[in-house]
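Spelled out, the chains give:
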Amino acid sequence: MNKISESKYKDFVADRSKYPEMENGKPVIDLDSHKFTKIWQGPQHPGVTGNMSVEIIVNGDEIVDAKTHVGYLHRGFEKLMERRRYIQCFPIVCRICVPEPDTNEYCVSAAMEDLAGIVIPDKAAWLRTLNLEMSRVAGFLMWLGGQAGSLGMGAIGQWTVAMRDYWLDLFEEMTGGRIYHMYMIPGGVRKNLPLGFKERVLQTVDRTYKLLDDIERVFLNNAIAKSRLKGLGIITPEMVSEYGIVGPTARASGIADDIRINQPYLKYAELEMKMLTSNIGDAYDRTELRFQELLQSLDLVKQILNKIPENGEIQAKLPNVLHWKIPAGQTYIKAESTRGEHGFYMVSDGSKYPRRVFARGASYTHAISVLEKLAVNITISDLAALMVSLHTCPPEIER
Amino acid sequence: MKLKDIIQPLTIWKRVAEEPWTIKDPLTERPGADNYRGFHQNDFAKCIGCGSCEEICQNAAIDLVPVEGQEVKDGNSGLRPRIDYGRCCWCALCVDICPTGALTMSNEYTWIDDDPEVFRFTPGADKTKWQDDEKGYSRSEDIALINFDRIEMEEKAPEDRDKSFIEIVKGYNKEQAMLEADRCLECGLCTATCPAHMDIPAYIAALREDNIEEAFRILYETNPLPEICGRICTHKCETACALHNNGEAIAIRWLKRYIADQIPAERYKEVLGTEHLADPKIGHKIAVIGAGPSGLSAAYYLAILGYQVKIFEALPDSGGMMRYGIPEYRLPYDQINKDIDYIKSLGVEIQFNTRIGQDIPLEDLHQEYSAVYAATGLHLGRSTRIPGSDNSEVYFATDLLRKFTLGQDIPVGKKIVVIGGGNVAMDITRTLARLQNQKYGKVDITATSLETEDIMPADREEIVESREEKAIIEPGWGPQEIEIKDGKIAGLHLIKCLSVFDENGAFNPKFDANEKKFFKADMVVESIGQGMDLSYISDELKEKIKMGPRGRIDVNEGFQTSVDWLFVGGDIIKGPDVINGVANGHIAAKAIDKYLNAQKK
Chain A
1 MNKISESKYK DFVADRSKYP EMENGKPVID LDSHKFTKIW QGPQHPGVTG
51 NMSVEIIVNG DEIVDAKTHV GYLHRGFEKL MERRRYIQCF PIVCRICVPE
101 PDTNEYCVSA AMEDLAGIVI PDKAAWLRTL NLEMSRVAGF LMWLGGQAGS
151 LGMGAIGQWT VAMRDYWLDL FEEMTGGRIY HMYMIPGGVR KNLPLGFKER
201 VLQTVDRTYK LLDDIERVFL NNAIAKSRLK GLGIITPEMV SEYGIVGPTA
251 RASGIADDIR INQPYLKYAE LEMKMLTSNI GDAYDRTELR FQELLQSLDL
301 VKQILNKIPE NGEIQAKLPN VLHWKIPAGQ TYIKAESTRG EHGFYMVSDG
351 SKYPRRVFAR GASYTHAISV LEKLAVNITI SDLAALMVSL HTCPPEIER
Chain B
1 MKLKDIIQPL TIWKRVAEEP WTIKDPLTER PGADNYRGFH QNDFAKCIGC
51 GSCEEICQNA AIDLVPVEGQ EVKDGNSGLR PRIDYGRCCW CALCVDICPT
101 GALTMSNEYT WIDDDPEVFR FTPGADKTKW QDDEKGYSRS EDIALINFDR
151 IEMEEKAPED RDKSFIEIVK GYNKEQAMLE ADRCLECGLC TATCPAHMDI
201 PAYIAALRED NIEEAFRILY ETNPLPEICG RICTHKCETA CALHNNGEAI
251 AIRWLKRYIA DQIPAERYKE VLGTEHLADP KIGHKIAVIG AGPSGLSAAY
301 YLAILGYQVK IFEALPDSGG MMRYGIPEYR LPYDQINKDI DYIKSLGVEI
351 QFNTRIGQDI PLEDLHQEYS AVYAATGLHL GRSTRIPGSD NSEVYFATDL
401 LRKFTLGQDI PVGKKIVVIG GGNVAMDITR TLARLQNQKY GKVDITATSL
451 ETEDIMPADR EEIVESREEK AIIEPGWGPQ EIEIKDGKIA GLHLIKCLSV
501 FDENGAFNPK FDANEKKFFK ADMVVESIGQ GMDLSYISDE LKEKIKMGPR
551 GRIDVNEGFQ TSVDWLFVGG DIIKGPDVIN GVANGHIAAK AIDKYLNAQK
601 K
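So the sequence lines, in the order shown, correspond to chains A and B. Count the first sequence with this note's numbering and you get residues 1 to 399, in order. Count the second sequence with this note's numbering and you get residues 1 to 601, in order.
What the hints contain is simulated information worked out from the structure, not anything from laboratory work. You can trust all of the hints, since none of them are fake.
Chain A side only, calculated, beta carbon under 10 angstroms to chain B, not exhaustive:
hint : residue
1    : 189
2    : 318
3    : 319
Incomplete in silico selection of chain A near chain B, CB under 7 angstroms:
hint : residue
4    : 91
5    : 162
6    : 172
7    : 176
8    : 177
9    : 214
10   : 217
11   : 218
12   : 222
13   : 223
14   : 226
15   : 314
16   : 315
We put the CB at the ideal spot given by N, CA and C, even for glycine.
Build out the structure end to end from the sequences listed, making use of the hints.
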């Protein structure tokens, strides 16, 4: 099942004499023995994806124990929303994930629409789909740079972030904001596409293809990257269900689950796309799969641009948003982000404010429990690469 | 390890030959996108200070503050948004909700200053370099956070109403009222403008919450004539409404009517909590002269305070101008009675057919009553005094309307001209049109005013409905002479009126004598305003009362004259309209209470 063909860990035999003794399945670590060193990787560390830290205990350069710590980034968005009118929520939630904010906007607006029984116009659905797919491209570009950077290939990070800026230019034109787009207002979207937008997107798509072609050669077909990523952080299909792993991370382990295909939302059912999976489940596999998904997203952007209707409403009629009350009820809306299933659970008690909003980000499991498990028995130099290969985003863990 | 994987990365050296992505010097000028959400701009010519931006801001980054040079006016709070960029998240909801479209965002995005205070600024007042930038984020016409379209009011079709005096406006049903109430922004510009300062956002909110009884109680806090005002109020609130700037104002008047219509007369006391008021606890007796809106309002609030109130009315029924001036198709008598019967049920006594000054001298009232509130209204017609206006076929509108309500026969010409462009002119025009229809089977009546149509004082809907009822409205003409042939009216000569008011806003019409018009007529009705009749005040008393300009009685802020027991209000002091009368009556009632309390000490 899990073929580890070229793993540096393949023939690795640990020197058990220096390892901690195991007691009830837990290592006994005596720091005073001077055999171990405790190191905090993060919260300020270039190899950490955002503000979280991993407390690791190393023996030599080998990690023998790891503990993940979060709590540096708690902004209380869920609680804030309990004191915000419904219309005031969508500008808050985009801040849950900086590289890819739109999934949050979509989920929270769609949850309100679901509870209030609002059907968004066709064109608005297309524009949302475009926005989400563009945001996946921008999100993947950010990750790709991080993955290469974690192996010391900083130049690739600069290329992808520069390319991401061209995508942010497009967002700026489309939504009025570069990072936080605040575009998907309940009921639809806020603006129509500017003139000539389609051509400019296609230009940027072509530019991105060109860059990805380079990156494929310099990073994916790179002996160093392969030797370091292959066999690193293997996730078995059993772990996927045990830990609740989602998205490309699960698909790289052979689990064919993509919400856009299995439970299509917005206009995904009208787009041609096939489920991308792989079956090795190591860091290299995940990298390669995400790279393919990035190419797929570029293709989807092109498909969407050809299908967006010229005319049509972009927002369903809303009641006066200053005293918009949503009937009591609860709902869970999910969408496929670059990290996997991203969902919002929303409860309305019939008042002006949501009673409870819960944001479910893929990183919660990926960065806390999965990372903690996979970090043990690898070397300290690989920890950053492992963390990025899980594509974790600490802001969405804490919200 | 494959050889390919070692060689392939090296191919990227081709980039050396490419144009570099990075640039030598940083960009100095890189404008934001056309709809970039940059720094705020505010067009003071449009901004009305409604505070919707402040209300929707999820970060409490916006405060409404007074700004020098911005006047407080009807429909304009004089306040302007000040934005704290330490809090702003640039979501632009403030721009999206702005009902006037005054608030926008420029596409400027760099602002560097070493003084942190400047980042709390008032766009429009604090001069910024992006103030007049055209590019940037503005409210898209494609989306709406508020609804600018009024829920249409159903009316009787012109052919169903032009012969009868049946009420035209059908009123909202529950669904319509809820939808209309939903449009309210709760800015309160209406409350500030309403002479009675009715808490309009509060009763609309109560209506929205489906709490009709609470809404009804809020109405009575400031206005004891909701059925009447819900039909014929001059609704200055709607002119001030924030939505009026870019769309249709909230139908505040119709919502008031809807609320009042929902409570049956027999439940009034229970809902308003006045079941135990009948026995006055305060010994003072107060006399009110005139059972019009102001007198009734004063009587109501005095009765609520526990006074024994008696109204003296010259006519055989209550309501004053509301009954004797306004035709039944606008204000049915049963609705007048509903409001007034409730006031009477609180122990207010009304003595009809009693003209103070004639039947009882004003001074005598003072013997029996601790204070007197005179709200006698404007019942005298005013003449144009043009040649021919002394003919017996020239009538005053108010006289005809009163006689018609009293059930007397009024003359109905075959071809009538009405001089005047106010609501009274429209009332007499439409009343006579109905009578012509009944009598001759066709309408031939023309109303003409000095003012052009855009500045005609009559309500817009009055003009539209008059035309629907086949009356002709010819605004912008000045009457010159009523032509008399053999003692009979032949018609009215007019000349073009160029302007009505001078630069100072004073009444000073200018004419173009070369552009003439002639309306054939056998009857002319004058409706150019009404005068007051103060003959009930004896000469002896008149000497003691301080008079103000233009023959008006001078009163203090509590409507008290220089004769301390005499309070005067209503149309003769302020107005003329019902809501001003209601407001005066309320204020006078409180002033009378204060005056009598002070006497006790």
